Amino acid sequence: MKTGIKTEDIREMIQKTPVIQPPEGFTDRVMDQIGLSSPHYSPADKIVSFFTQSRSLNDLGFLAGNITKRQCGYYFIFVGLFYFIVGLVFSRSLEAVSSTGYQTMWLPYQPEFSFAVAIGFALFGISFIASRSVSIGLYKFGIFIYVGLVIINSMVLQMDMNIPVVAFALLPLTIGSVIIGWFLFYVIDRYSHNFIPYKR
Amino acid sequence: MEEKNDNDIIQSVLEGDRDLYALLVDAYKGPIFTLAYRMTGSYEDADDLAQETFIRAFENLGRFDQKRTFFTWLYTIGLNLVRNHVKRGKRISVLKDREDRHSPLRDTLSSPEHSMVSDQMMGHLDICLHRLSENLKEAIVMRFYQELSFEDIAQISGLSLSAAKMRVYRGLEKLRELMEEQTG
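Which chain is which? The protein sequence lines are A and B, in order. Note that our numbering has the first sequence beginning at 1, numbered continuously upward. Note that our numbering has the second sequence beginning at 201, numbered continuously upward.
Errors might be hidden in some of the hints.
Stated by the list, open to error - Here are some of the chain B residues that sit facing chain A, going by a computed Cβ distance under 7 angstroms: (1) 233; (2) 252; (3) 255.
To be verified - List of simulated lysine-lysine pairs, DSBU-like, C-alpha gap at most 30 angstroms: (4) A:16 <-> B:365; (5) A:16 <-> B:267; (6) B:337 <-> B:229; (7) B:365 <-> B:337; (8) B:287 <-> B:337; (9) B:229 <-> A:16; (10) B:267 <-> B:229; (11) B:374 <-> B:337; (12) B:287 <-> B:229; (13) B:287 <-> B:374; (14) A:6 <-> A:16; (15) B:337 <-> B:267; (16) B:229 <-> B:365; (17) A:16 <-> B:337; (18) B:374 <-> B:267; (19) B:287 <-> B:365; (20) B:267 <-> A:6; (21) A:16 <-> B:374; (22) B:267 <-> A:140; (23) A:6 <-> B:365.
The hints are simulated quantities; they were obtained by calculation from the structure and are not laboratory data. All values reported here derive from a predicted model rather than from experimental measurement. Backbone N, C-alpha and C define an ideal beta-carbon position, used for all residues, glycine too.
Please work from the sequences and hints to get the whole structure.
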């Protein structure tokens, strides 16, 4: 006699099976058995792992595979360095602009704005590497603030200068900054994903 | 949300901070233990196999490719140990634990959640699961008991994505047939 069990019924039954937990003190017993030994990691292992590690073209420790805390920190520092250079370029350029007698309210503050962003990212990067445990939410919030500030800065600058052609120069810069923000957010997100990829 | 990446922990362990390995054991003992229990049907064997998995992983941590996911690597070690164990014929019927008055499972099985499904049907499900071939059982345990993604299942089993999906669906269909036979 057929009872008409469907595969959905079986899935549902499995969902309702109790979760099996290891006995109490499991972790302690594992650690006791490990004792004072250390993982085997001979020079030969290092050489073998170097040549046998999975690699891809966009690899070189960049976005492929799992992202480490140190890598995340370096990405922040590199972005900080980028803004530092942008700040230097602005400083030089503004000297030339001011010599023509052209004056605006907001434009003169662009080097300071860039240097402030540079310092912020450098601090983020250093704290990311140095901290023992990382508050992912805080860094994500920081990236949102950065993207918001960049957009507001571009809008204010456009209104301040009031020259239509400036928008064409600001647009790629703003889009580039948003892409940087997205990239950092993506990196942080990837970093935070490597924890517990199962539900039960 | 305070978190520490698996690779950071592994790097620290390799650099000599052995105690941090306990974080990885704590994080993954559940799924490894469940795998061993569902595959062997014995709580005691699952305990031994899960411990052995973590010890083997620790010993070979230096060979772990940090561009892979630690969990899938660990799970692969666990699965290989379970396979060897089952091959040696050390499997014990799942009913042994279900009937064992002293089993730590006893309390879990009497939970309110469990009362929603009859004991009899759960018994049938366990019996049918253990009547599946090892490959199909592995696929069912990974996909439905542990809710691993098909990508993870493919990586752990060394199959292509489509082959992993096919195996899961074949396992589910076979389990349904066995359940029908059992309850019919």
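Hints, one by one, checked against the model:
{"no.": "1", "hint": "233", "in the structure": "holds (4 angstroms)"}
{"no.": "2", "hint": "252", "in the structure": "violated (9 angstroms)"}
{"no.": "3", "hint": "255", "in the structure": "holds (6 angstroms)"}
{"no.": "4", "hint": "A:16 <-> B:365", "in the structure": "holds (22 angstroms)"}
{"no.": "5", "hint": "A:16 <-> B:267", "in the structure": "violated (35 angstroms)"}
{"no.": "6", "hint": "B:337 <-> B:229", "in the structure": "holds (20 angstroms)"}
{"no.": "7", "hint": "B:365 <-> B:337", "in the structure": "holds (13 angstroms)"}
{"no.": "8", "hint": "B:287 <-> B:337", "in the structure": "holds (14 angstroms)"}
{"no.": "9", "hint": "B:229 <-> A:16", "in the structure": "holds (21 angstroms)"}
{"no.": "10", "hint": "B:267 <-> B:229", "in the structure": "holds (22 angstroms)"}
{"no.": "11", "hint": "B:374 <-> B:337", "in the structure": "holds (10 angstroms)"}
{"no.": "12", "hint": "B:287 <-> B:229", "in the structure": "holds (23 angstroms)"}
{"no.": "13", "hint": "B:287 <-> B:374", "in the structure": "holds (21 angstroms)"}
{"no.": "14", "hint": "A:6 <-> A:16", "in the structure": "holds (16 angstroms)"}
{"no.": "15", "hint": "B:337 <-> B:267", "in the structure": "holds (29 angstroms)"}
{"no.": "16", "hint": "B:229 <-> B:365", "in the structure": "holds (26 angstroms)"}
{"no.": "17", "hint": "A:16 <-> B:337", "in the structure": "holds (18 angstroms)"}
{"no.": "18", "hint": "B:374 <-> B:267", "in the structure": "violated (36 angstroms)"}
{"no.": "19", "hint": "B:287 <-> B:365", "in the structure": "holds (25 angstroms)"}
{"no.": "20", "hint": "B:267 <-> A:6", "in the structure": "violated (40 angstroms)"}
{"no.": "21", "hint": "A:16 <-> B:374", "in the structure": "holds (20 angstroms)"}
{"no.": "22", "hint": "B:267 <-> A:140", "in the structure": "holds (23 angstroms)"}
{"no.": "23", "hint": "A:6 <-> B:365", "in the structure": "holds (18 angstroms)"}
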